[in-house]
Amino acid sequence: MPIQLLQQAAAANEWLAITPELMLALLALLLLVLELVLPRQLHTLIPATAIVAQIVIALGLAFNFDSAFTGPGTAFNGLLRLTADGQFLRLFFLVCSIFVCLLGTVCLAKQRMPRVEFYHLVLIITAAMMLLAQSNHFVLFFVALETVTVGFYILVSYFRESPLSLEAGLKYLVMGALSSSILLFGIVLLYGAAGNQALPGGSPNSMNFDQLRIFLTDNPGNFLASAGIVLVLAGVAFKIGAVPFQIWIPDVYQGAPTPVTAFLAVASKAAGFAVLLILTQRVFAPYQGLVIPVLSVMAAATILFGNLAALTQHNVKRLIGLSGVSHAGYLMIGVIAAYHEPHAIGAIWFYLSAYLLASFAVFGVMAHVAGPNDADQELDHYADLARDQPFLAAVLAIGLGSLAGIPPLAGFMGKLLIFVSAFKAGLYPLLAVAIAGVVISIYYYFGWIKAAFFPAWRPTDAGLPQAAVPARTPVNLGVRIALTVLAVTSVLLGFYQGAFGQWILTR
Amino acid sequence: MNAGLNEYLILSGLLFALGFFGVLLRKNTLAIFMCLELMLVASTLAVVAFSRFNGTLDGDVFVFFILTVAAAEVAVGLAIIVALFRRRQTVQVEELNALKN
Numbered sequence: 072m073p074i075q076l077l078q079q080a081a082a083a084n085e086w087l088a089i090t091p092e093l094m095l096a097l098l099a100l101l102l103l104v105l106e107l108v109l110p111r112q113l114h115t116l117i118p119a120t121a122i123v124a125q126i127v128i129a130l131g132l133a134f135n136f137d138s139a140f141t142g143p144g145t146a147f148n149g150l151l152r153l154t155a156d157g158q159f160l161r162l163f164f165l166v167c168s169i170f171v172c173l174l175g176t177v178c179l180a181k182q183r184m185p186r187v188e189f190y191h192l193v194l195i196i197t198a199a200m201m202l203l204a205q206s207n208h209f210v211l212f213f214v215a216l217e218t219v220t221v222g223f224y225i226l227v228s229y230f231r232e233s234p235l236s237l238e239a240g241l242k243y244l245v246m247g248a249l250s251s252s253i254l255l256f257g258i259v260l261l262y263g264a265a266g267n268q269a270l271p272g273g274s275p276n277s278m279n280f281d282q283l284r285i286f287l288t289d290n291p292g293n294f295l296a297s298a299g300i301v302l303v304l305a306g307v308a309f310k311i312g313a314v315p316f317q318i319w320i321p322d323v324y325q326g327a328p329t330p331v332t333a334f335l336a337v338a339s340k341a342a343g344f345a346v347l348l349i350l351t352q353r354v355f356a357p358y359q360g361l362v363i364p365v366l367s368v369m370a371a372a373t374i375l376f377g378n379l380a381a382l383t384q385h386n387v388k389r390l391i392g393l394s395g396v397s398h399a400g401y402l403m404i405g406v407i408a409a410y411h412e413p414h415a416i417g418a419i420w421f422y423l424s425a426y427l428l429a430s431f432a433v434f435g436v437m438a439h440v441a442g443p444n445d446a447d448q449e450l451d452h453y454a455d456l457a458r459d460q461p462f463l464a465a466v467l468a469i470g471l472g473s474l475a476g477i478p479p480l481a482g483f484m485g486k487l488l489i490f491v492s493a494f495k496a497g498l499y500p501l502l503a504v505a506i507a508g509v510v511i512s513i514y515y516y517f518g519w520i521k522a523a524f525f526p527a528w529r530p531t532d533a534g535l536p537q538a539a540v541p542a543r544t545p546v547n548l549g550v551r552i553a554l555t556v557l558a559v560t561s562v563l564l565g566f567y568q569g570a571f572g573q574w575i576l577t578r
Numbered sequence: 787m788n789a790g791l792n793e794y795l796i797l798s799g800l801l802f803a804l805g806f807f808g809v810l811l812r813k814n815t816l817a818i819f820m821c822l823e824l825m826l827v828a829s830t831l832a833v834v835a836f837s838r839f840n841g842t843l844d845g846d847v848f849v850f851f852i853l854t855v856a857a858a859e860v861a862v863g864l865a866i867i868v869a870l871f872r873r874r875q876t877v878q879v880e881e882l883n884a885l886k887n
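If you read the sequences in order, they're chains H and G. The opening residue of the first sequence carries number 72 in this note's numbering; numbering runs sequentially from there. The opening residue of the second sequence carries number 787 in this note's numbering; numbering runs sequentially from there.
Pulled out of the complex, with its shape left as it was, chain H reads as follows:
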């Protein structure tokens, strides 16, 4: 290989463009070093370091939102494309990771477990998700996706003393590896089809998203490419938990430690949608005729299945997992609407932000209500929560109300924006399914609120033994502030969208 070619390749490595990812990776390593250097009594400082440093990175990212690198160009020889959407998602994942670390401090304090590795893995996964949301090449896409997935295998089975956590880890491992293999086979078929230079648009660099799109535009109805697209979409559907690839969700959500469940429910799902948007809107756009029907059927099935299956759940983690499936369905409607209505992408980002605020509020309460083994997560355990800890009950009510889409809250605005874009795009049947789904969802969300607020009915004659309610964790100051911020923002964002709403509509 001529030396100039190598020099050219090296010159395209814009290291400054991935500063946030590099800083997160360095921070992750720093945490491991701190564990070695610091004396044992100072180890409580390590999570605090992680959270403060992430807040600093997030602030730096917010102030450099319109960086010189975002634009039409690519970095690292077309591996990365930095866009405004990518910047938003970077911030989104960072905020998720901060809250996950905070929940981690609550849950890990009840366990005898190595602590530091948890934060290390969360940081690495966050950095990989950031790269995933900006990838422009299948190699980077696959490697970033696998970094996220393998990291989650470890996190889901993190409580290695608990058989439930390990079983969830094994189920996630089998399902995750299966979906990765399907996705990989799809990537290989696309690579092979688009690499055939005998066809128009065939390119030697066929794993690049731009080249692939040129090939797909020139060759409508190519069999290998169609098969590849279906397999890749199936792999992504596994990650977002869309029907018929949602089977892993209830078990894995139930068994995983609460902070990890929150991370899976919010960040992993958002990463899945970031990828789905990049793929369907940019790369596979010439194959709309194939993609739209597949996504439409999946969206309708996902909404109905998620809501109907959540109706009968008594375990709150399973309930929130299945309701998360239905949220994925609403978001998929947004993805389909984005073909005709560019605002739909902004609506998806708004929905995800509202979902983040509401979900972390609910998971924050769940982390405090669960007993020391983190496995007691039944609806009955919420009895008398409003009397014992009114603060947690209030946060829970706001979070669940926002998830259900009750009007003055942020979740309502998110749903409204998605439904309006779907209406403008003319997706009336899907819209009808979605509205039916929202109505069903109010039943189980309010069942949960009822469990927390109204006194449980108890038989007067002491016949049946009462289920023991696990000891609730007192809320410490930092978490109290964080939960207050989440709840207040959920309310405010419903009334006033301000600069954030402006950015989303004009992006």
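Just so you know, the hints here were simulated from the structure itself, not pulled from any lab data. In this text, all values refer to a predicted model and were calculated from it rather than measured experimentally. In this text, a Cβ means the ideal position worked out from N, Cα and C, and glycines have one as well. Among the clues, some could well be false.
[Unchecked claim] Once the Cα atoms are required to be at most 25 Å apart in a straight line, the calculated SDA-like pairs of lysine to any residue come out as:
| no. | chain 1 | residue 1 | chain 2 | residue 2 |
| --- | --- | --- | --- | --- |
| 1 | G | K886 | H | V245 |
| 2 | G | K813 | H | L235 |
| 3 | G | K813 | H | I225 |
| 4 | G | K886 | H | T555 |
| 5 | G | K813 | H | S250 |
| 6 | G | K886 | H | L379 |
| 7 | G | K886 | H | G518 |
| 8 | G | K813 | H | T555 |
| 9 | G | K886 | H | P443 |
| 10 | G | K886 | H | L375 |
| 11 | H | K181 | G | R872 |
| 12 | H | K521 | H | T555 |
| 13 | G | K886 | H | I318 |
| 14 | G | K886 | H | P234 |
| 15 | G | K886 | H | R231 |
| 16 | G | K886 | H | P315 |
| 17 | H | K181 | G | K886 |
| 18 | H | K181 | G | K813 |
| 19 | G | K886 | H | S233 |
[What the hints assert, rightly or not] Label pairs and their calculated CB-CB ranges:
| no. | chain 1 | residue 1 | chain 2 | residue 2 | range |
| --- | --- | --- | --- | --- | --- |
| 20 | G | V849 | H | A119 | 36 to 46 Å |
| 21 | G | A858 | H | A119 | 21 to 31 Å |
| 22 | G | F851 | H | K181 | 36 to 46 Å |
Following the hints, put chain G in place on chain H, whose structure we already have.
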């Protein structure tokens, strides 16, 4: 006898299907895990075949990434299986049913 691209793809598709149905039908976690690896190997075979017949090197480089990822998956996966076996004394999927409503 010369094997063309189609022969390689058919072989790769067969291996992939073998792995896929193995994952669905096998009851032993270790066997399921081997079937998962088989699916990755099937993709590797296809990518090498495409790389050879399309005359590009990207696919050959991709193989290294696939192998690395597969190795990471095996390392984590076997650790989980061993830890689970220590707790439950079984790796049969029908006995791993503690998670339910």
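Results for each hint:
For the given pair, K886(G) sits about 18 Å from V245(H) by alpha-carbon distance, which is consistent with the 25 Å threshold. The straight-line distance between the Cα atoms of K813(G) and L235(H) is roughly 19 Å, inside the 25 Å bound, and the hint therefore holds. Among the hinted pairs, K813(G) with I225(H) is consistent with the structure: their alpha-carbon atoms are about 23 Å apart, no more than 25 Å. Only pairs whose Cα atoms come within 25 Å are accepted, and K886(G) paired with T555(H) is rejected, the gap being roughly 33 Å.
For the hint linking K813(G) to S250(H), the alpha-carbon distance of about 19 Å falls within 25 Å, and the restraint holds. Distance hint between K886(G) and L379(H) is fulfilled; the C-alpha atoms sit about 17 Å from each other, no more than 25 Å. At roughly 20 Å between alpha-carbon atoms, K886(G) and G518(H) fall within 25 Å of each other, so this suggested pair holds. Of the pairs offered as hints, the one joining K813(G) and T555(H) is violated, with about 47 Å between alpha carbons and a cut-off of 25 Å exceeded.
At most 25 Å may separate the alpha-carbon atoms for a hinted pair to count; K886(G) and P443(H) meet this at roughly 20 Å. At roughly 21 Å between alpha-carbon atoms, K886(G) and L375(H) fall within 25 Å of each other, so this suggested pair holds. Pair hint K181(H) plus R872(G) holds up; C-alpha atoms about 23 Å apart against a cutoff of 25 Å. Note on K521(H) and T555(H): the hinted pairing holds, with a Cα-Cα distance of about 21 Å set against a maximum of 25 Å.
The hinted pair formed by K886(G) and I318(H) meets the criterion: a straight-line CA distance of about 12 Å does not exceed 25 Å. Of the supplied pair hints, the one linking K886(G) and P234(H) holds, its CA atoms being roughly 13 Å apart against a limit of 25 Å. In summary, the hint linking K886(G) to R231(H) is supported, as the alpha carbons are separated by about 19 Å, within the 25 Å threshold. Taking the CA atoms of K886(G) and P315(H), the gap is near 19 Å; set against the 25 Å cutoff, the hint holds.
For a cut-off of 25 Å, the pair hint linking K181(H) to K886(G) stands: about 24 Å separates their Cα positions. For the proposed pair K181(H) and K813(G), the alpha carbon gap of about 35 Å is over 25 Å, so the pair is violated. As the CA atoms of K886(G) and S233(H) are separated by approximately 15 Å, the hinted pair is consistent with the 25 Å bound. Between V849(G) and A119(H), the C-beta spacing of about 43 Å keeps the proposed range 36 to 46 Å intact.
The hint said 21 to 31 Å for the Cβ distance between A858(G) and A119(H), and at roughly 30 Å that hint holds. Checked against the given bound of 36 to 46 Å, the beta carbons of F851(G) and K181(H), roughly 39 Å apart, stay inside it.
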